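Q: Spelled out, the chains give:
Number of protein chains: 2
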Amino acid sequence: MNINDLNPNLLKAHYAVRGKIVSRAQKLEKEGKKIIYCNIGNPQALKQKPLTFVRQLLALTEYPKLLETDAVKNFPKDIQEKARLILKENSHGLGAYTQSEGMQFIRQAVADFIEKRDSIKSDYKRIMLTDGASKGIQLVFTMLMKDSKSGFMIPIPQYPLYSATIALYGASQINYYLDEENNWELNESELNMSISKAKEKGINPVAIVVINPGNPTGSVLSKENIKMIINFAKRNRLSILADEVYQENIYNKALPFHSFAKVMEEMKEKEVPLFSFHSVSKGFLGECGHRGGYMETRNVSDEVYEQMIKLQSIGLCSNTAGQVVTYAMVAPPKEGEESRELYVKERDLILGDLKEKAEILGTELDRVPGMKIKIPSGAMYAFVKFELPQEEGIYPEKMSPEERIKYESARDNDYCLKLLEETGICVVPGSGFGQKPGTFHFRTTFLPPKDEIKQLTEKIKKFHLSYTKTKAPANQ
Amino acid sequence: MNINDLNPNLLKAHYAVRGKIVSRAQKLEKEGKKIIYCNIGNPQALKQKPLTFVRQLLALTEYPKLLETDAVKNFPKDIQEKARLILKENSHGLGAYTQSEGMQFIRQAVADFIEKRDSIKSDYKRIMLTDGASKGIQLVFTMLMKDSKSGFMIPIPQYPLYSATIALYGASQINYYLDEENNWELNESELNMSISKAKEKGINPVAIVVINPGNPTGSVLSKENIKMIINFAKRNRLSILADEVYQENIYNKALPFHSFAKVMEEMKEKEVPLFSFHSVSKGFLGECGHRGGYMETRNVSDEVYEQMIKLQSIGLCSNTAGQVVTYAMVAPPKEGEESRELYVKERDLILGDLKEKAEILGTELDRVPGMKIKIPSGAMYAFVKFELPQEEGIYPEKMSPEERIKYESARDNDYCLKLLEETGICVVPGSGFGQKPGTFHFRTTFLPPKDEIKQLTEKIKKFHLSYTKTKAPANQ
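These protein sequence lines map, in sequence, to chains A and B. Just add 6 to the spot in the first sequence (first one is 1) and you have our numbering. Just add 6 to the spot in the second sequence (first one is 1) and you have our numbering.
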């Protein structure tokens, strides 16, 4: 068997966040080089501590015997109660398959969380617990894909799960550019143009993906922008996939998070199918390894939803530890409970820290000549624009679009690889997410510890100045 | 959006283990009826206790602070050490994404486990940790499917994950019948006939799936039979998917488990790609909810294996708690360690119990007039053959194959539904797994507690006699 015997869609799929640059970083690390992994939103790999109550709850539910020994005094009362509740509601314990959609009382807790967050109704029968958001997103793609002409509109730049999944499933990708000059919002005429071009090619658009807060952009969409998107989806009979996994990562009071569910409810929109995703991997929990998350579905018939449950049932159910962490996320310690104080302290420390780090990173990198970046207002990323000198005798604007992407992708890859080799800083080239022709970016997280962030920006600055100098055309 | 807007492959996919009869059972249970769930291999839902050391290890790794308090005295020394090792080797803890393939030292422990089990070499670089076996299996299907003509040979009867995945991915299913009269082994002439027929239809066979020990058959394949299968795969340039998740569930000393890896090694076979799967859900751990497992790949080039890693990376990694349980499975307490005694006791109790229950179930049901079943020699299931009286004026042998399947499937579904309604026993109709035309079966687990098994067989007997009487043609 060789590579030509494999699924050609697999060969086409790329996932830059874990691509060649990361492999190189791992190799360098094995050789003894210190690597700062800014390639992936993996907070606990960068020294973020897990929230105490989450892990206490896991320990007690994994090993319920602790509740019967004097070891229990190490656990706050409210966490003991919560553990007992989980073990009562899910009497088989964490070792049994749950319902395909996840434990019912946790789905109810998710619905309560949404009701509280948005002051709208939410139905636990339309909540499904998933192994991280990724698996829920792939479930919806699987369901909505009728054939290779089924088109999914995705933002450029995007999180490469989307392009990889579309390539893997052999569907059609419809790009729409985010408006970098306008806080990375979606632009209506751009959406119209993008969908028209797709239809001209015989593509049948079925859904639009929106990532809010943005990955890799670190931006937060305004309510007006979300309304525009919902109206656009309605006019074009599209489903909306709302990737809202960074909803807790909000750093700018002027730009609060608005969920699609809430805005739809305000608009009394009852037709546009909405699939929204949340995850325990981001926010302030950062429990990436536990692969927990949920998907809420709205404006979808029972008949269609049954197909979603069937699809989930083929993999049996999401993992139970991830389900418990999801429960912890949506039902944290309440005012007056023993573990509340520590929870609030840990939460605020993490979020405060992220906000500060976003500011340092954004401010410092924006000062580098040839770099441009606003302070991220959400998520865990900055999508940093940088200039590269034109190469002598090469005219990208005369290339075919494919050639140009290839050429420019080679350039930002070379940049990020050299950055890695020289500084140990591992970021992801903009071409891994997509960017407008003629522009270069890289995505970096702002997850490293605060004291490292400042150093990091200095290293990037030094590298950038030296790299662009040596790469400048000889005649400059 | 209505059902006709969805992926037509999804509409075609069926997963009987969680199908309509189970939904009906859940509804009856809510109405107050006592249900005995024999539909699914979910041991801990049927009162099987989790192994103590597995849960101790999870508690300590989820909440490492326990190691620093006096609560630690509740944990045996060797488990403390094991927890410390996990937290050292995987210094980010369970909250971080791991490498796409899983934590390296756990993959090494899996390779050691295989080496010890089979006295053969195993390479950790070819071990991938997966969310249960299901996700590993689907990964391989995704990779090997070039187009809709790619054919996967699957046993009939089979575990419906296979048919559901083939339907979902739009590949071609190639059935081969297992030889019920011959201990459910694979028959060479049947394999040859089945592959020839597929090729005549323009199908391009790429792989053969073998489930050993068998699901739903409860049988264990002889080494000779495995050799025949490997030679068949080689002649026909097929990959082998060896579903070996029941390898610890062996009840008949005359029929020991032989892994495909070991038999291949004995044959010095270096060409046939082998993907073998194991899971924490079965055996004596029964940790279904934790979705842990691994896949070992042999005879595959680096280039191809890189594609597998890429595919896994799109979902980031398998869940870390499942990875820890996989570690517990492959590296249990050793002779002389503090937790060894309890481990052995718990293990032997579960396996001894399963063996006894298999005997009771097999013996008692075989005595029912019109039922035929050998004592299961492996796995957790009995695939019980039963006779239904011919219906007056209906001639199945005159129907088209499709009509006949539909007719006979309606009959065994009715049988199982009535069994559920009358006795509360939830089993899965044979048509959910596939069966030869003109035969009827149901699959039942032998997981309920021992005292319930005998009762259960009596209830089935009583039901069967009454059901077949009322269904007998009027003139009999």
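In case anyone wonders, no lab produced these hints; they're calculated from the structure. Just so we're clear, the structure is a prediction, and the values are computed from it rather than from any experiment. Check each hint, because a few of them may be wrong.
Heads up, the list lumps identical chains together, so a pair's fine if it works in one copy or across two of them.
[What the hints assert, rightly or not] Derived DSS-like pairs: lysine-lysine, alpha-carbon spacing no greater than 30 Å straight-line: (1) K94 with K233; (2) K460 with K274; (3) K465 with K412; (4) K71 with K268; (5) K380 with K229; (6) K412 with K274; (7) K424 with K351; (8) K55 with K83; (9) K94 with K378; (10) K361 with K240; (11) K316 with K39; (12) K36 with K351; (13) K391 with K229; (14) K424 with K40; (15) K316 with K94; (16) K152 with K83; (17) K203 with K36; (18) K460 with K94; (19) K380 with K274; (20) K39 with K131.
Q: Which numbered hints are broken by the structure, listed smallest first?
A: When the structure is compared with the hints, numbers 1, 2, 4, 6, 7, 9, 10, 12, 16, 17, 19 turn out to be violated.
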